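> Hey, can you work out the whole structure from these sequences and the hints?
Quick note on numbering: the sequence shown equals residues -20 to -1, 1 to 244 in mature numbering (1 follows the signal peptide of the UniProt record, and there is no 0).
It is worth saying that the hints were derived from the structure and are not from the lab.
Keep in mind the model is a prediction, meaning the values are calculated, not measured.
Beta carbons are placed, not taken as given, at the ideal position from N, Cα and C, and that holds for glycine.
There may be inaccurate statements among the hints.
[Stated by the list, open to error] Label pairs and their calculated CB-CB ranges:
{"#": "1", "residue 1": "Thr95", "residue 2": "Gly72", "range": "26 to 34 Å"}
{"#": "2", "residue 1": "Gln163", "residue 2": "Asn90", "range": "21 to 29 Å"}
{"#": "3", "residue 1": "Asn91", "residue 2": "Gly45", "range": "38 to 46 Å"}
{"#": "4", "residue 1": "Glu42", "residue 2": "Asn158", "range": "40 to 48 Å"}
{"#": "5", "residue 1": "Glu80", "residue 2": "Glu134", "range": "23 to 31 Å"}
{"#": "6", "residue 1": "Gly87", "residue 2": "Glu164", "range": "24 to 32 Å"}
{"#": "7", "residue 1": "Gln170", "residue 2": "Ser219", "range": "38 to 46 Å"}
{"#": "8", "residue 1": "Asn158", "residue 2": "Gln23", "range": "38 to 46 Å"}
{"#": "9", "residue 1": "Ala43", "residue 2": "Asn229", "range": "48 to 56 Å"}
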Amino acid sequence: MKLDFFVISLFPGLCTLCSCLSRQYHFVNITMNWTEAQSYCRQNYTDLATIDSTEEVKALTEAVGSGYDGKAWIGLQRAGSDGWQWSLTDRGFYSEGEAEFRDWENGQPNNRVGTEDCVAVERNGKWHDFSCQDNIFFICYDRQNVSQRYFLIEQEKTWTEAQRYCREKHTDLVSVRNQAENQEVLSTIQTSAWVWIGLFNDPWKWSDQSSSSFRYWNTGEPNNNGGREECVEMWFGHSGRWNDEYCENKRAFICYQGESVPPV
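Here it is in structure tokens:
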């Protein structure tokens, strides 16, 4: 059995329901392992589902309904130990090669304590990896503000708290696409302290190569139980929360069809 349904885009009130569709999702109630599910989705639709927000999680769980509380594969898979990416995921924001620009301090990143997955910049313009739980200042980027793009926020927050603040008040934590922008960012820093930028390390990658940083893990996940949990399932019985699981296990799965709309 196959249940098709739509997920509306994240721009309520700007257009009609039909024109607001960002992706068409297809819940496939046939159990396959993750690789089989990926092949099925690519043959029949576009790919396994990429999910960008809690709004999409809610829409998916409501569309499937209370009659199904099982698990289904989505397109997230562990892709190695290193995966530096920007918090701002709009692919149209980056020209070729710009998303890969880095200006590390000598010897960085070194992941010195094993949990240094977020990046800060100092007054000399060089980058350094830190624990995301450190509390430091940060720089927001605002794409709507013509006169001022970069804002130094002199409040000490963890990287995740800083990301949330920037997304609520501006656009996102700052992305640095080239050396000229690195110098622009530095001109906003009036302190010798480190400040967060939008770069973070996450080994999880989407099957369709989306750079979406959205994650919706269940409590205590991902835990890589047994050392082989490389694929991700969505658990409808737990409000759509995610769990890492053995890729060879059989699950229902969710495909999507059509171009994704990069979140901003």
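> Against each hint, give a clear statement of whether it holds in the structure.
Quick rundown of the hints versus the structure:
Under the hint 26 to 34 Å, the C-beta atoms of Thr95 and Gly72, about 32 Å apart, fit the expected range. Checked against the hint of 21 to 29 Å, the pair Gln163 and Asn90 passes, with Cβ atoms roughly 25 Å apart. Range check, Asn91 to Gly45: about 43 Å between beta-carbon atoms, so the 38 to 46 Å window is met. Checking the proposed 40 to 48 Å range against Glu42 and Asn158 shows it holds: the Cβ atoms sit about 43 Å from each other.
One distance hint, 23 to 31 Å for the beta-carbon pair Glu80 and Glu134, holds here, with the actual separation near 30 Å. At roughly 25 Å, the beta carbons of Gly87 and Glu164 sit within the given window of 24 to 32 Å. Taking 38 to 46 Å as the suggested C-beta distance range, the pair Gln170 and Ser219 conforms, at roughly 43 Å. For Asn158 and Gln23, the hinted distance range of 38 to 46 Å is satisfied, since their beta carbons lie about 39 Å from each other.
The hint said 48 to 56 Å for the Cβ distance between Ala43 and Asn229, and at roughly 24 Å that hint is violated.
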